[in-house]
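Starting from the structure of chain E, add chain A where the hints point.
Which chain is which? The protein sequence lines are E and A, in order.
If you number the first sequence the way full-length UniProt numbering does, the last residue is 346 and the count never jumps.
If you number the second sequence the way full-length UniProt numbering does, the last residue is 360 and the count never jumps.
Hints should not be assumed to be uniformly reliable.
Derived contacts from chain E toward chain A, CB cut-off under 8 angstroms, selection only [said to hold, decoys possible]: (1) I222; (2) A327; (3) I335.
Source of the hints: derived by calculation from the structure; they are not laboratory data.
Only a predicted model underlies this, so the values are computations on that prediction, with no experimental measurement involved.
For every residue, glycine included, the Cβ atom is placed at its ideal position computed from N, Cα and C.
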Amino acid sequence: MRVLTHCLSFGKPRSLIGLWLGLSGLLIAIALLSLLYGAGDVGPARAWQALQDLGAAASYDSEARFVIAELRAPRLWIGLVVGAALGIAGALLQAVTRNPLAEPGLLGVSAGAAFAVTLAILWGADTATLRVSVAQLGALGGCLCVLAAARLQGIGNDPVRLILAGAILSGLLHSLSSLILLYDQYTADEIRFWVVGSLAGRQLDDLAPLFPSLGVAALLTILLARPLAALALGEHVAIGLGHHPRVVRLLVIVVVALLVGGATAAAGPIAFVGLVVPFAARALAGPDIRRTLWLCLPLGPIVVVSADIVSRLVVPPSELPLGVLTALIGAPVLIGVVRGRRLPTF
Amino acid sequence: MTSPVDTPNAVRQDKYYLALPLGQRAPLRVIVDKRNLLANLLLSGLLILLAGVALNTGSAASLSLPATLRALLGDGSPLDTFVIQELRLPRIVAGVVTGGAFALAGCLMQTVARNRLATPGIVGLDNGATAFAVASVVGTGISLAPPAMALTGAAVAAALTFGLTGRIGVRGYRFLVAGIGVGAVFGAITQLMLTRVSIDAANAAYPWTVGSLNARPDHAVLSLSLALLPALLAGIWLTRSLTVLRLSDAVAISLGIAAGRCRMAALSVAVILTGLAVAVAGPVGMVALIGPEFARQLSAKNTVPVVGATLAGAVVMVAADLLGRVLLAPIEIPVGIVTALIGSPLLLWILLNPNARTAP
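Isolated chain E (complex conformation) (with noise of 0.2 angstroms):
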C-alpha cells in the first residue's frame, strides 16, 4: 500500500487532480462526439437519438444503431487504448533517453514492429494473438537497435543525432517491408490498409489479445514511475536513492516495445503521437515524470480520438488515413521543440 501511495504522490496534488479532472471530461466529450460523427449518412442528430435508444430496449433506428455500436464505438475504444499506449511510450522513451525528442515512431519502433509484422504474413502468420506478439517483438527489436548504436558510439547524449539515426533506421526497415510487399502479392493485399496507420474496420476482436501485455505494461509503468523521476536527478543520484538505473532502463524499453508493439498491431504505424503528447503534458505539468505520464493518460486518447474525428470529416464520405493527420499535427511540434534553446546544439 505503501508503495501505491509512494507512485501516486505529486508534487502539487491538487493543481494536477484539476488539470486531471478537465482533461478527463474533455475526453470524454470528444468521446462523444466521435460516436455522433462520422462520415456516413447517420448524422449527429439520428446518433444521439439512436444513444438515447440503446439504453431501452426497443429501437426505431436499426441502420444508427448498426453504425453507432458496430461502427463507431469500435474505433472509439481502439482510439482510446492506441492513444493512451502511445502517449505513455513516448513520455517513457523521453525520460528514459532523457531526450525531448526520442518518439517511437521517429527512433524505429513502429517501423521495427510493422517489419515484423510484414514478415510474419509472408511467413504465413494469421491469428491476431500472433501478431502482437510478433509486432512487440518487432518493436523491442527496433528500439534495441537505435538505442544500442547510441550507446556504442556515444551520441546517446545528443538528441538530434539520435533522432536522426532513428530515422535513417526507420527507412532502412520501411523499405525492406516495401520490397517483401513488392515480391509477394498476398501480404500486399493484407497488410495495404494496415500499414498506413487507420482506426477504420477494426474490430473490437482487435483489441481482446491485447490486454494482458498491456495490463503487464500498465503494471511495470506505475512500478517504474518512482525510479524514473529518481533518474531524472542523474544516475549517481538514482543509485544513492537505491534505484538500479540499468535495470530500470531496460525495463521501461521492454515496456515501450510492449505498447507500441501492441498499439501498431492495433492501428498501424502511428507517428508523432508519442512525441505530441508528452510535449503537451509537460508543458501543462511540468517536468515531473509521474505528472507527466498521469497526464499523457488521457490527453494521449484526445489527440488520437479527435485526430480520427478529423479523419472522418475533412473528405466526406471517404477518410483521411490517420496516420497523415498525426504527421500535419506533429511535424510542427517536433520543428518548435528543435528551435527551441534548450536542446544542446552540435
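Relative to chain E, chain A alone:
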C-alpha cells in the same frame, strides 16, 4: 610580382590550371587536380561500361552484343531496335541524368551545410517536390507540368527548412531534424492526395512515391538534361569558393569570397536539380548521399568533387536500376528501394563513425 594562380608552372606539379583565354581575370579558371582527373576518367569509363551492360540486359529478349550494337545504330531487326531504342536507351539516359542531378545537388548541399548527411532527401526537398508533382498528376486544380510543379515543391521545402532553422549553412544537426519534420508534412500531404483520388490516378502517381525509372516522361527528362549542363558548369565555377567556405566564413571573407551569395547560388542549383530530377524519377534521394561519398573516396582530399560526384551519381543510379531489374526478375524493384537499401546503412555508418562524421 605575380600570384601562384597566374603562374601555374610555379606551383605543385599535380595540379593543372584550365583557363578560358580571356586574359588575366578570366571568369572561368579551374584548378584541376591530377588525382581528380584520373578519378573522373575512371568513373566515366565505369559509366560507359555499365550503360553497355544495362543496354544488353533485360527480360524482353536476350540480345547478343553485336545485335545490341546494330540495334543501337538503327539497322538491327525491328524488334531489337524497338527494345533498345524505345525501352532501354531512354531508361538509361533518364538514369544518367537523374543520378547526376541528385548527386550534384547532394554534393553542393553537403558542402554548403558542412555536413555529410545534409542531402536534399533528408532536408525534405524530395518529399516537397514529390508532393507538388503528385498534385499535378492527380489533378487537384493546379495545372502546371510535373517538372515545374516539382521545382516549386523543392523550392518551397527548401525555403521552409532553411527558413525555420535560421540562416543557411548552420553547423550541426538541428536543421536536419527540421528537414525531417518538413519532409514528414509533405509526405503526409502526398498520402492525403493519393487517398482522395481514383485508383487510376493513384497508379499514375505511383512512380513518384517510390522512385522508379520505368517509362519516364520524355519532356521531364529533356528539361532535366537541359538544366544539368549549366548546373554542372555553375558547380565547377563555384568549386573554388566552396572549397574555401568549408574552412570558415572568416577565411572565406578574408580571401574575398562573398560567402552568403556563394551559398545561395549553390543552394539554388541544388534545389533546381533536385526538383527536376524528382519530376523524372521520383524521390531517389539516397543517390545524393551515395554519389558524393563514392566520388570523395576516389578524389583528392580536401577538394569538392563536383564533376566526380555527378559521374558517380550517374553510375550509382544506372547500377541500382540494373540491379533492380535483374535481382528478382521478372519482378522489377523500383530504383528508389534499391538505393534506400544500399544508402541507409551507409548513412548510419557516417552518423555513427566518429571519424567520418566531420564536414565533407
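Now the hints, each set against the structure:
| no. | hint | result |
| --- | --- | --- |
| 1 | I222 | violated, 32 angstroms |
| 2 | A327 | holds, 4 angstroms |
| 3 | I335 | holds, 4 angstroms |
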